[in-house]
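> Model the full structure from these sequences, guided by the hints.
What follows is each chain in one-letter form.
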Amino acid sequence: MNISRRQLLILLPAAAVAWKYVEAGTPEASPNYEMSEHWWGMLIDITKCIGCGNCVRACQKENDIPDGYFRTWVERYHRTDYHLENPEVISPDGGKEGFPSVPEGTQGDYFFVPKMCNHCSDSPCTQVCPVGATFISPDGVVLIDPKYCLGCAYCVQACPYGCRYIHPEKKVADKCTLCYHRITKGLTTACCEACPTGARQLADLKNPNDPIHAFLKTHTVQVLKPQMATGAKAFYNGLDGSVR
Amino acid sequence: MSGFKDVSHLFRFAGLFVIAFLVFLVVRVYVVPKSFGEYGHYRAAAIGEIAAHPIKFAGHQACESCHSDIADTKAKGAHAHVNCEACHGALATHANDPSSMTPVKPDTLVLCARCHTASAAKPKGFPQVNPADHMGGVPCQTCHNPHSPAIGSDTGKGAAAGGTK
Numbered sequence: 003m004n005i006s007r008r009q010l011l012i013l014l015p016a017a018a019v020a021w022k023y024v025e026a027g028t029p030e031a032s033p034n035y036e037m038s039e040h041w042w043g044m045l046i047d048i049t050k051c052i053g054c055g056n057c058v059r060a061c062q063k064e065n066d067i068p069d070g071y072f073r074t075w076v077e078r079y080h081r082t083d084y085h086l087e088n089p090e091v092i093s094p095d096g097g098k099e100g101f102p103s104v105p106e107g108t109q110g111d112y113f114f115v116p117k118m119c120n121h122c123s124d125s126p127c128t129q130v131c132p133v134g135a136t137f138i139s140p141d142g143v144v145l146i147d148p149k150y151c152l153g154c155a156y157c158v159q160a161c162p163y164g165c166r167y168i169h170p171e172k173k174v175a176d177k178c179t180l181c182y183h184r185i186t187k188g189l190t191t192a193c194c195e196a197c198p199t200g201a202r203q204l205a206d207l208k209n210p211n212d213p214i215h216a217f218l219k220t221h222t223v224q225v226l227k228p229q230m231a232t233g234a235k236a237f238y239n240g241l242d243g244s245v246r
Numbered sequence: 088m089s090g091f092k093d094v095s096h097l098f099r100f101a102g103l104f105v106i107a108f109l110v111f112l113v114v115r116v117y118v119v120p121k122s123f124g125e126y127g128h129y130r131a132a133a134i135g136e137i138a139a140h141p142i143k144f145a146g147h148q149a150c151e152s153c154h155s156d157i158a159d160t161k162a163k164g165a166h167a168h169v170n171c172e173a174c175h176g177a178l179a180t181h182a183n184d185p186s187s188m189t190p191v192k193p194d195t196l197v198l199c200a201r202c203h204t205a206s207a208a209k210p211k212g213f214p215q216v217n218p219a220d221h222m223g224g225v226p227c228q229t230c231h232n233p234h235s236p237a238i239g240s241d242t243g244k245g246a247a248a249g250g251t252k
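Chain order of the listed sequences is B and Y. First residue of the first sequence? That's 3 in our numbering, and the numbers climb one at a time after it. First residue of the second sequence? That's 88 in our numbering, and the numbers climb one at a time after it.
Hints were generated in silico from the structure; no laboratory data involved. All values derive from a computational prediction rather than experimental measurement. We treat Cβ as the ideally placed atom computed from N, Cα and C, and that holds for glycine. Careful: at least some of the hints might be erroneous.
Some chain B residues close to chain Y (C-beta under 10 angstroms, calculated; not the full set) [said to hold, decoys possible]:
| # | residue |
| --- | --- |
| 1 | 48 |
| 2 | 55 |
| 3 | 140 |
| 4 | 145 |
Mimicking EDC-like on lysine to aspartate or glutamate, the simulated pairs with C-alpha atoms at most 16 angstroms apart in a straight line are [unchecked claim]:
| # | chain 1 | residue 1 | chain 2 | residue 2 |
| --- | --- | --- | --- | --- |
| 5 | Y | 143 | B | 66 |
| 6 | Y | 211 | Y | 194 |
| 7 | B | 149 | Y | 159 |
Per label pair, the in silico range of CB-to-CB distance [to be verified]:
| # | chain 1 | residue 1 | chain 2 | residue 2 | range |
| --- | --- | --- | --- | --- | --- |
| 8 | B | 171 | Y | 139 | 14 to 24 angstroms |
| 9 | B | 231 | Y | 148 | 34 to 44 angstroms |
| 10 | B | 164 | Y | 99 | 37 to 47 angstroms |
| 11 | B | 87 | Y | 114 | 21 to 31 angstroms |
| 12 | B | 87 | Y | 153 | 29 to 39 angstroms |
| 13 | Y | 223 | B | 36 | 52 to 62 angstroms |
| 14 | Y | 148 | B | 66 | 50 to 60 angstroms |
| 15 | Y | 230 | B | 39 | 40 to 50 angstroms |
| 16 | Y | 196 | B | 102 | 14 to 24 angstroms |
| 17 | Y | 112 | B | 66 | 32 to 42 angstroms |
| 18 | Y | 225 | B | 39 | 43 to 53 angstroms |
| 19 | Y | 229 | B | 244 | 35 to 45 angstroms |
Have a look at this one:
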C-alpha cells in the first residue's frame, strides 16, 4: 500500500479525531448503553398521584439519602376561593409517610404534586457551577460529579425548583440523578418502580417507541415555571396554574 | 531613548513569567483529569462512576422471572400495574441471590392503608375506604387477595396465605 505524503497528512488528523471517540466510548458500568441514543425526561401525572409517599421512600432507599433530605418529594396543594393563586402547600417530611387527613367540611380542592429535578436542557444550575462539577450528560440527565464539587452551593441557589441540597456528610451538592445507575441498565427509576398508580413514568424522548410521544399528542402537559425557560423535561399532566 | 538603558532586569522578570507559565502548563497536564472536556466542561469519567451506583430495587421483570404465578394472578386484577416492590420494598439482594434473604410479608393493615385510606385530596376515581369503618382491625388479606384485590377471585384462606400459589 502506497500512501503519498499528502494523503498521510490528511489521514493523520482524521485518525486522531477517530481515536478520541474510540477512547471516549461509553461508561464502563453499562457496556451496551449508548448515551447518544437517549434523551431522558419524566412524565408526572397529577391526576393519578395519591400522595402515598412510595416514591420518596424508594428514592431515599435506592440512593442512600439521609433523613430529612430529598431528591424527590410530594407536595399537597389546597386551593380555595380566597387564594386560588397562592394555595396552601404542605409537604410533611417530604410526604414520605403520607399526609394528614383532610378536615371535614373544608372548602376548596386538594391535589398532590410530586417534585423532583426537572433535568432541564438549559439548566440554570449547571451554568453557575464554577468548577464544572455539575453538567448535563450527553443523554440529557443533569448530574453532579461529587469528586469535583466544592460545596459552594451556587447551584443550590440557582435551581428555580429547589431540587438541590448540600449533602450533610459528603458536604457536596446532591440531587436526583434520574437513577442514572438504573436507566443505563434498562431499568426504570426507583420512584417509577415504586409508584403504585403510574403517576410517574420515565420517558426517553429520543426513543420513537416510548409511550411518552403518544401521551404528549393526546394530553395537555406543562412544565414547572415555563417563564424561566429552563427547558425542563419533567412534564406534568393536569398541572394547575397555581403550582410553583 | 536614553531612558531604556538598564533593561536587563526586565528581561529577567519576563523570564520568570515564562518559567512560571511553563510550570503551570506542566502541572496542568497532571492535575486536570484525563477525561475532563471529553463531552463538555466536566469530568466525563464521573458519568461512569454515577452509573456504577449499586441497584437496590430489582425491578418487576426480575421478580416475574421466578414468581410467574403471582405475576399471572396480578395481571388479571386491579393491581396489574402495581409493581412488586411498590409493596414488598427494595429486594435486589433477594433477586440476585434468593437464598441470601427471605422477604418479610408486609403488614396489610399498614400497607393497604397507605394508599387506600380515604382522603379528599386523592383523585376521585381511586378506591378509598375509611379503615376503621371498613374492617375494624381485621387484616385486609382476610377478604382480599392483595395480588388481585377484587372480592371473590381468590379470597379467604388462600388470600391470607399470600394468594394463589
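> Compare the structure with each hint and give your call.
Right, here's what the structure says about each hint:
1. 48: holds, 9 angstroms
2. 55: Given a least distance of 7 angstroms, the restraint on residue 55(B) holds.
3. 140: holds, 5 angstroms
4. 145: holds, 6 angstroms
5. 143(Y) / 66(B): Holds: residue 143(Y) and residue 66(B) sit about 10 angstroms apart, inside 16 angstroms.
6. 211(Y) / 194(Y): With Cα atoms ~26 angstroms apart, residue 211(Y) and residue 194(Y) exceed 16 angstroms; violated.
7. 149(B) / 159(Y): With a Cα-Cα distance of about 46 angstroms, the restraint between residue 149(B) and residue 159(Y) is violated, given a limit of 16 angstroms.
8. 171(B) / 139(Y): 14 to 24 angstroms: 19 angstroms Cβ-Cβ, so the 14 to 24 angstroms window holds.
9. 231(B) / 148(Y): 34 to 44 angstroms: Given a distance of about 38 angstroms, which is inside 34 to 44 angstroms, the answer is holds.
10. 164(B) / 99(Y): 37 to 47 angstroms: violated, 55 angstroms
11. 87(B) / 114(Y): 21 to 31 angstroms: For residue 87(B) and residue 114(Y) the Cβ distance comes to about 56 angstroms; the hint is violated.
12. 87(B) / 153(Y): 29 to 39 angstroms: violated, 52 angstroms
13. 223(Y) / 36(B): 52 to 62 angstroms: Distance hint for residue 223(Y), residue 36(B) holds at roughly 56 angstroms.
14. 148(Y) / 66(B): 50 to 60 angstroms: violated, 23 angstroms
15. 230(Y) / 39(B): 40 to 50 angstroms: holds, 48 angstroms
16. 196(Y) / 102(B): 14 to 24 angstroms: Hint holds: Cβ distance 19 angstroms, inside 14 to 24 angstroms.
17. 112(Y) / 66(B): 32 to 42 angstroms: holds, 40 angstroms
18. 225(Y) / 39(B): 43 to 53 angstroms: Cβ of residue 225(Y) to Cβ of residue 39(B): about 51 angstroms, so the range 43 to 53 angstroms holds.
19. 229(Y) / 244(B): 35 to 45 angstroms: For residue 244(B) against residue 229(Y), whose Cβ atoms are near 42 angstroms apart, the range 35 to 45 angstroms holds.
This entry does not satisfy hints 6, 7, 10, 11, 12 and 14, going by the numbered hints stated previously.
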